[in-house]
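Number of protein chains: 4
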Amino acid sequence: MSRRKSRFLRKPVEPFAVTAGLSADDLLTRMERVSFQGRNLATARRIWEKMLASDATIFLGTAGALSAGGMRLIIAHLIEHRYVDCLVSTGANLYHDLHETRGRRHFIGSPTLDDAALAAERIDRVYDTLASEDEFCRNDEWIASFVLKLERRPYTTREFLYKLGEHLWNETEHHGILTAAYKAKVPIFCPAIADSSIGMGLSQGRHRDPAAGQIDVIGDIIESANLVIRRPSTASVVLGGGTPKNFINQASVQAEFFSDKVGGHKFALQIVTDVPHFGGASGSSLEEAQSWGKLSIESEKISVQADVTVALPLLVAALESTTKDLLAKRKRPEFDPSGPALVVNGQALPEDHFQES
Amino acid sequence: MSRRKSRFLRKPVEPFAVTAGLSADDLLTRMERVSFQGRNLATARRIWEKMLASDATIFLGTAGALSAGGMRLIIAHLIEHRYVDCLVSTGANLYHDLHETRGRRHFIGSPTLDDAALAAERIDRVYDTLASEDEFCRNDEWIASFVLKLERRPYTTREFLYKLGEHLWNETEHHGILTAAYKAKVPIFCPAIADSSIGMGLSQGRHRDPAAGQIDVIGDIIESANLVIRRPSTASVVLGGGTPKNFINQASVQAEFFSDKVGGHKFALQIVTDVPHFGGASGSSLEEAQSWGKLSIESEKISVQADVTVALPLLVAALESTTKDLLAKRKRPEFDPSGPALVVNGQALPEDHFQES
Amino acid sequence: MSRRKSRFLRKPVEPFAVTAGLSADDLLTRMERVSFQGRNLATARRIWEKMLASDATIFLGTAGALSAGGMRLIIAHLIEHRYVDCLVSTGANLYHDLHETRGRRHFIGSPTLDDAALAAERIDRVYDTLASEDEFCRNDEWIASFVLKLERRPYTTREFLYKLGEHLWNETEHHGILTAAYKAKVPIFCPAIADSSIGMGLSQGRHRDPAAGQIDVIGDIIESANLVIRRPSTASVVLGGGTPKNFINQASVQAEFFSDKVGGHKFALQIVTDVPHFGGASGSSLEEAQSWGKLSIESEKISVQADVTVALPLLVAALESTTKDLLAKRKRPEFDPSGPALVVNGQALPEDHFQES
Amino acid sequence: MSRRKSRFLRKPVEPFAVTAGLSADDLLTRMERVSFQGRNLATARRIWEKMLASDATIFLGTAGALSAGGMRLIIAHLIEHRYVDCLVSTGANLYHDLHETRGRRHFIGSPTLDDAALAAERIDRVYDTLASEDEFCRNDEWIASFVLKLERRPYTTREFLYKLGEHLWNETEHHGILTAAYKAKVPIFCPAIADSSIGMGLSQGRHRDPAAGQIDVIGDIIESANLVIRRPSTASVVLGGGTPKNFINQASVQAEFFSDKVGGHKFALQIVTDVPHFGGASGSSLEEAQSWGKLSIESEKISVQADVTVALPLLVAALESTTKDLLAKRKRPEFDPSGPALVVNGQALPEDHFQES
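Going down the list, the protein sequences come from chains A, B, C and D. Residue numbers for the first sequence, in the working numbering: 12 to 368. Residue numbers for the second sequence, in the working numbering: 12 to 368. Residue numbers for the third sequence, in the working numbering: 12 to 368. Residue numbers for the fourth sequence, in the working numbering: 12 to 368.
Please note: incorrect hints may appear among the correct ones.
One copy or two, it doesn't matter: identical chains are merged, so the pair holds either way.
Said to hold, decoys possible - Straight line, CA to CA, 25 Å or less: simulated DMTMM-like cross-link-like pairs of lysine to aspartate or glutamate: (1) Lys16 / Asp347; (2) Lys342 / Glu367; (3) Lys160 / Glu182; (4) Lys61 / Glu345; (5) Lys174 / Asp363; (6) Lys335 / Asp36; (7) Lys22 / Glu177; (8) Lys340 / Glu182.
By construction, these hints were calculated from the structure, which means they are not laboratory data. Fair warning: this is a prediction, and the values are worked out from it, not measured in the lab.
Sequences are here, hints too, so could you generate the full structure?
Below you can see the structure in the form of C-alpha cells.
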C-alpha cells in the first residue's frame with residue numbers, strides 16, 4: 012500500500028454505539044455513519060432538512076396501505092406542520108383515513124388468519140390488519156351522499172378532495188389526513204381515484220343521480236404542471252411508489268414542455284420496497300429519473316429500501332427534533348384549494364391550459 | 012415411521028429431466044412436478060386453461076413497463092386470439108405500445124449508463140431500456156391532435172381507448188395492443204390514465220381547446236361493475252399488480268353490492284414481483300383477496316413470483332400448444348366498445364347506474 | 012352487520028402519533044399498534060424481553076455484512092451485557108470485526124462507484140462501503156501468524172475463536188465482537204469458517220506449516236447440540252439468515268435425536284430481507300421451522316422483514332431502556348470456552364459424542 | 012431531435028412474438044431482444060456458451076433448496092455432460108440429492124399447510140415441499156455408517172464427497188448429483204458442510220467412534236485456490252448465492268495472493284433472488300466482485316434476478332440445443348478426485364500449501 016490514503020478512503024464507518032436513553036434524533040445521527048439502508052434513512056433526514064431550508068415546494072406521495080397500517084396521523088402531522096406542501100395519494104390511503112376520521116377503526120390481525128372465516132363474517136384483510144366490510148359500505152354511502160351535495164359539474168380531484176375534507180371536518184372535527192389538509196389548505200391530488208373506494212363512493216353518487224360524480228382527472232394534470240411552473244423549485248418525498256410517485260414526476264416533465272425554467276425536482280427522497288431491476292416505476296431508481304428530467308442532474312437525492320411502517324416513524328420523529336426553526340422560517344407557498352382553480356400565493360392556476368409564470 | 016404413508020406424502024416431486032429439443036409445452040409440463048415458483052408457473056398454465064374451458068369472462072391486468080420491455084405483442088396476441096376478454100392497463104403500457112405501433116422503437120441499453128449523458132441527449136431510461144424523449148413529445152402531440160377530433164363530451168377511458176385504437180389502426184395498420192383490441196372489439200380500461208403520457212396527451216389537447224380532453228373515470232367504475240354483474244362468471248389474470256390488479260378486483264366487489272349473484276372471480280392468476288408482507292396491493296396474496304370477496308372462496312388460483320419478462324413468454328408459448336381447441340370452443344362475450352355505452356352480446360351496459368342483469 | 016363485534020375485531024390499530032423528543036422506547040411502544048413490519052419490529056422487542064425473563068439460553072446468529080456495515084459494536088454490546096449467550100456467525104462478520112479491532116477501518120462509499128477504479132487502487136467494495144485490500148492482506152497474515160502459535164491439533168471453531176479473541180484483546184485491548192466474547196466468556200461458533208477470510212488466514216497458516224490450521228467443524232455440531240441438550244430451554248435471535256440461522260436450528264434438531272426432553276426453541280425472532288417463496292433457508296418462515304421441530308409448536312416468534320442496519324439500532328436502543336432489571340436477574344449460563352471442551356456452569360460438554368444431561 | 016440517431020439508440024427492443032411450437036432455444040433467442048430479467052436470462056445462455064468455447068474451468072455453485080425442489084437431475088446433467096467442471100454446494104443440496112438417489116422422495120405440499128399437524132406426523136416442510144423426518148433420520152444413520160468405513164484421518168470435503176458418491180453409486184446405481192460427480196470425476200466442495208444434515212451424519216459417525224468424522228475444511232481452501240492457480244482461466248456459474256458463491260470467488264482471491272498470473276474469473280453468471288442493497292454476499296452485484304478481483308475487469312458477466320426453479324430448466328434446455336459441438340470440443344480439465352490430493356490433468360494439487368503452477 013502506498014503511504015498516502017486513497018481518495019476513496021476518507022470517511023470511516025463509525026460503528027453504532029448503544030447507550031441508554033437514545034432519542035430518535037440520536038438514532039438517526041448515529042446511523043449517518045453506518046452502511047446500507049440505515050445510512051440511507053439517516054441521509055433522508057438530512058435531505059428533507061435541506062428541502063425545508065430551500066425555496067422548494069415539497070410534494071409528498073403516499074402509496075401502500077399506510078392509513079390502514081397506522082401511518083395516517085404521521086401524514087396528517089406532515090401536512091399540518093407543513094413539512095410538505097402538496098399531497099399526491101392513492102385513493103385507498105384517503106379512504107382508510109376517512110374511515111378512521113369518521114370514528115371507525117382498523118384492527119390488529121395476522122397474515123395467517125383463515126380468509127374463508129373472515130369472508131363469512133364480512134371482514135376484509137390487509138395483510139395483518141382487518142376492517143369491517145359493512146362499515147366500509149356505510150363509508151361508501153356517506154361519500155355518495157356527500158357527492159350529491161356537490162354541484163353537477165366536473166371537479167378536479169384536488170377540488171373534490173378539499174370539499175370532502177371540509178365536509179368531513181364539519182361533521183367530525185376529527186384530525187386526519189383529509190381534515191388536516193383542509194385546515195392547512197394543502198392541496199391533495201389523487202390521479203387514480205377511479206381505482207379506489209372513494210371512486211366507488213363517487214360511482215354510487217352517480218347511481219343515484221346520473222349527473223353527479225363527475226371527476227376531471229385531466230384538469231389535475233394541467234394544474235399540477237402549472238404548480239411546478241409557478242414555483243421557484245420543487246422537491247419530492249415518495250412513500251411506497253405507485254401512481255403518486257409517477258404523478259409527481261410527471262408534473263415536472265409536463266411543466267418542462269411549457270417552461271424552459273423548469274429543470275426537474277431539486278431534491279428527492281423515496282422510501283420504497285420495490286426494486287429497480289424488474290423495470291417497474293415504483294422501484295425505479297432516482298438516477299433513472301434524472302435521465303427523464305424528472306429530477307435535476309444536480310439534485311440531492313436518496314432512496315431508502317424499507318417498509319414505511321418501520322422507517323417513517325423514526326424519520327419523522329427525528330425531524331421533529333431538528334426542524335422547528337426550519338419550519339418556522341421556511342418560504343412555503345400559501346394555497347387556496349377551495350375553488351375550481353387552485354390559488355397559489357393569491358394567484359389562480361389555470362386548469363384548462365398550461366401557463367408560464 | 013409407520014408403515015402407512017402420511018396423507019401429506021402422496022405426490023412426489025419429479026426432478027426435472029433435461030432432454031434434447033424441449034418445447035415450451037414440455038418445459039411447463041415437467042415443471043408441474045418441481046417446487047417453488049417453477050411449479051407455480053406451470054400451475055398458472057393449467058388454471059388459465061380452466062378459465063378458457065369455463066364460462067368466465069377473463070380480465071387481463073397489465074402493469075410495469077411491459078410494452079417498453081418487449082411484451083406488447085404477447086399482450087396483443089392474447090387479445091387477438093381471445094385468451095382474454097377485457098384489458099385493464101396502466102397508461103404507460105398503452106402509450107409505449109402506441110409509440111411502437113407508430114413506428115418508433117425502444118432501445119436496448121443498460122442499467123449502468125450515465126444518466127447525465129442520457130439527459131443531455133434527451134434519452135429516457137427505463138432500467139435497461141431507452142427511448143427518445145423527442146419522439147415521446149411527438150407522440151403526445153399526436154394524441155393531442157387526435158383528442159381534438161373527438162366530440163366535446165366526457166369519454167370513459169374504455170370508449171376513448173377504443174377510438175384511439177381505431178385511429179391508430181386507420182393511420183398505421185400496424186399490430187399492437189391498442190390496434191388488436193380495436194380489431195377484436197376487446198374493451199380496455201385505464202383507471203389511472205391521468206398518471207401517464209396518454210393523460211399528458213389529453214391535457215395537451217385541452218391546452219389547445221378548453222372543452223377537449225374530458226375523461227369520465229367514474230363511468231369506467233360503473234361500466235366495469237355492470238360487466239361483472241352481466242356475465243355468468245369472471246376470472247382475473249394479473250401481470251405486475253398496480254392499479255389494474257385492484258381495478259379488476261374492485262369491479263367484482265362493486266358488483267356484489269348490486270347483485271347477490273356475484274360471488275368473486277372464479278379463477279385468478281397473478282405474476283408479480285412484489286411481496287405481501289409490506290401490505291401493498293400489488294403484492295397482496297390471492298388468499299387475502301378472498302376475505303374481501305374479490306375472489307370466490309372456491310376459486311382456483313395461483314400466484315407466481317417472477318418477472319413478467321421471464322415468465323410470460325414461456326407461459327403463453329406453452330398455452331399456444333394446448334389451447335387451440337379451448338379457444339375455438341370457448342363461450343366468450345362479444346363486445347361493441349365503440350359507443351358511449353359498452354355493448355355486450357348485443358345488450359348495452361349502463362354507465363350511469365348499476366344494473367342487475 | 013350484527014350489533015356484536017366480531018371476535019376478529021377486538022384490538023384496533025392505533026395510528027402512530029408524532030410528538031417531540033421521542034425515545035427509541037417510545038417509538039417501539041407506539042409501533043406495537045401499527046401494522047406490517049413496524050408492528051413486527053415492535054413485537055420483536057417484547058419477545059426478546061420474554062427470552063430474557065425466561066430460563067432460555069439465547070443464541071444469536073449474524074449473517075450479512077453487519078460488521079463492515081457499522082453494527083459490530085451493537086453485537087459486542089449484546090454479548091457484553093448478555094442479551095445473548097452464544098454467538099453463531101459467518102466468518103466475514105468476525106473478520107471485519109477483527110479488522111476494526113486491530114485499528115483499521117471500513118469507509119463510506121457509494122454503490123455507484125467505478126469498480127475498475129477501485130480495483131486499480133486495491134479497494135474492495137461491499138455495496139456502499141469500502142476497505143483497503145492491502146490492510147485485509149495484512150489481517151490474513153496476522154491471523155496466519157496467530158495460527159502458528161496454536162498447538163498442532165484440531166480446534167473446534169468455538170475454541171479457536173475464543174483463542175483468537177483472547178489474542179486480539181491482549182494485543183489491542185480494543186472493544187469488538189471477538190474481544191467482548193472473550194471477556195464475557197461467550198462461545199462463538201462459525202460453521203462456515205472455510206468460506207471466509209478467517210479461513211483464508213488459517214489456510215495461510217497451514218501454508219507455512221502443514222500441521223497448522225486444523226479446524227474441527229464436526230466437533231462444533233456435537234458441542235452445539237450438547238449445549239441445547241444441557242440447557243433447560245433455548246431461544247434464537249437471527250439477523251440476516253445464512254448459515255448461522257440454520258446452524259442454530261440444526262443444534263435443536265440434532266439435540267432432539269438424543270434427548271426426548273428437547274422440544275425446539277421456545278422463542279424465536281428473525282430480522283431478514285429474504286422471502287419464503289423461493290424455498291431458501293435464509294428467508295424461510297418460523298412456521299416452517301415448527302414442522303421440523305426447530306421451534307416448539309408453542310414458541311413465541313416473530314419475523315421482521317427489514318434491513319438489519321435500520322432495525323437493529325432501534326430495537327437494541329429500545330431494549331436498553333426496558334431490560335436493565337431483566338438482565339440483572341436473568342438465569343444465564345456461565346461458560347468457560349477456553350479449552351477443547353466447552354464448560355457450561357462448571358460441567359464440560361463432550362465434543363466427540365452426544366450426551367443426555 | 013438531431014437527424015442523426017444517438018449512439019445510445021442503436022439496437023431496438025424486438026417485441027417477443029408468440030408462434031406455435033416454440034422450443035426452449037426459440038424462447039431464449041427471442042428473449043435476447045426484450046428487456047429486464049428476460050433479456051438477462053437470454054444473455055446468460057450466450058455467456059455460458061462462451062465459457063464452453065473458452066479455456067475456462069467452470070465452477071458451479073448451488074445454494075437454496077434446489078435438490079428438494081426438483082432441480083437435482085439438471086445439476087447432475089450439467090456435471091455428467093461437463094457443462095461445468097467443479098461443483099461447490101451447500102450440504103443441503105447434496106443431502107436432499109442423496110435422499111432421492113437412495114430411493115426416497117420429496118413430496119408436493121403447499122406453503123399454507125398446518126405446521127403443527129406436519130410436526131405431529133414428523134413431516135418437514137420446505138416452503139411448498141415435504142419430506143419424512145424418519146426417512147431423513149435413516150439417511151443420517153446411513154451416512155454415519157459410511158463414515159465409519161473411512162480411514163480415521165481428516166478428509167477434505169472434496170475427497171469425502173467423492174467417496175460418498177462412490178459408495179452411493181455402488182449401493183444404488185442411481186443417477187443424481189453425487190453419483191454423477193463420482194462417475195464424471197468432477198470434484199465437489201462443500202465449505203459449510205458443518206451446517207447441513209451431511210454434517211449431522213458425520214457427527215453421528217463420530218458419536219459412534221470418536222476418531223471418525225474428521226473433515227478438513229481448511230484443506231478445501233488451499234486445494235480450490237491451487238486449482239484456480241493451475242488452470243489457465245476460470246468461470247463462475249452461481250445458482251442462489253450463499254456460501255458456494257463466496258467460496259468460488261474466494262478461491263480466485265486467494266489464488267491471486269500466490270500467483271500474479273491469476274486475474275479473476277473470466278466469465279460469471281448468477282441466478283439469484285437476493286438484492287445488492289442490503290449488503291449481503293448472496294445478492295452482491297458482479298460489478299462489486301470486480302473491485303475485489305474476484306472477477307476480471309474484462310470479464311463477461313450477467314446477473315439474473317429469478318427463482319432458479321423458473322430460470323434453470325429454460326436455460327439448460329436451451330443450452331442443450333446449441334452446445335453439442337461446444338461440449339464435444341471443449342478443453343476441459345480431467346480430474347482424479349479419489350485421493351487425499353486432487354489430481355488435475357495428471358498432476359496432484361497440494362492441499363497443505365499454495366503452489367504456483
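Going down the list of hints, with the structure as the test:
1. Neither within a single protomer nor between protomers do Lys16 and Asp347 lie at most 25 Å apart by alpha-carbon distance, with minima of 56 Å and 42 Å respectively.
2. Taking CA atoms no more than 25 Å apart as the test, Lys342 paired with Glu367 passes inside one copy only; the shortest distance there is 21 Å, against 54 Å between copies.
3. Proximity of Lys160 and Glu182 under a CA criterion of 25 Å is satisfied intra-copy only: 14 Å inside one chain copy versus 45 Å between copies.
4. In this assembly of identical chains, Lys61 and Glu345 lie within 25 Å of each other by CA distance solely inside one copy; the values are 20 Å within and 51 Å between copies.
5. For the homomeric pair Lys174 and Asp363, the shortest alpha-carbon distances inside one copy (20 Å) and between copies (23 Å) are both at most 25 Å.
6. In the homo-oligomer, the alpha carbons of Lys335 and Asp36 lie at most 25 Å apart both inside one protomer (13 Å) and across protomers (23 Å), since each shortest distance falls under that limit.
7. For a Cα distance limit of 25 Å, the shortest separation of Lys22 from Glu177 qualifies neither inside one copy, at 51 Å, nor across copies, at 30 Å.
8. Proximity of Lys340 to Glu182 under the C-alpha cut-off of 25 Å is found in neither arrangement, the shortest distances being 33 Å within a copy and 54 Å between copies.
Checked against the numbered hints listed earlier, the structure breaks hints 1, 7, 8; every other hint is satisfied.
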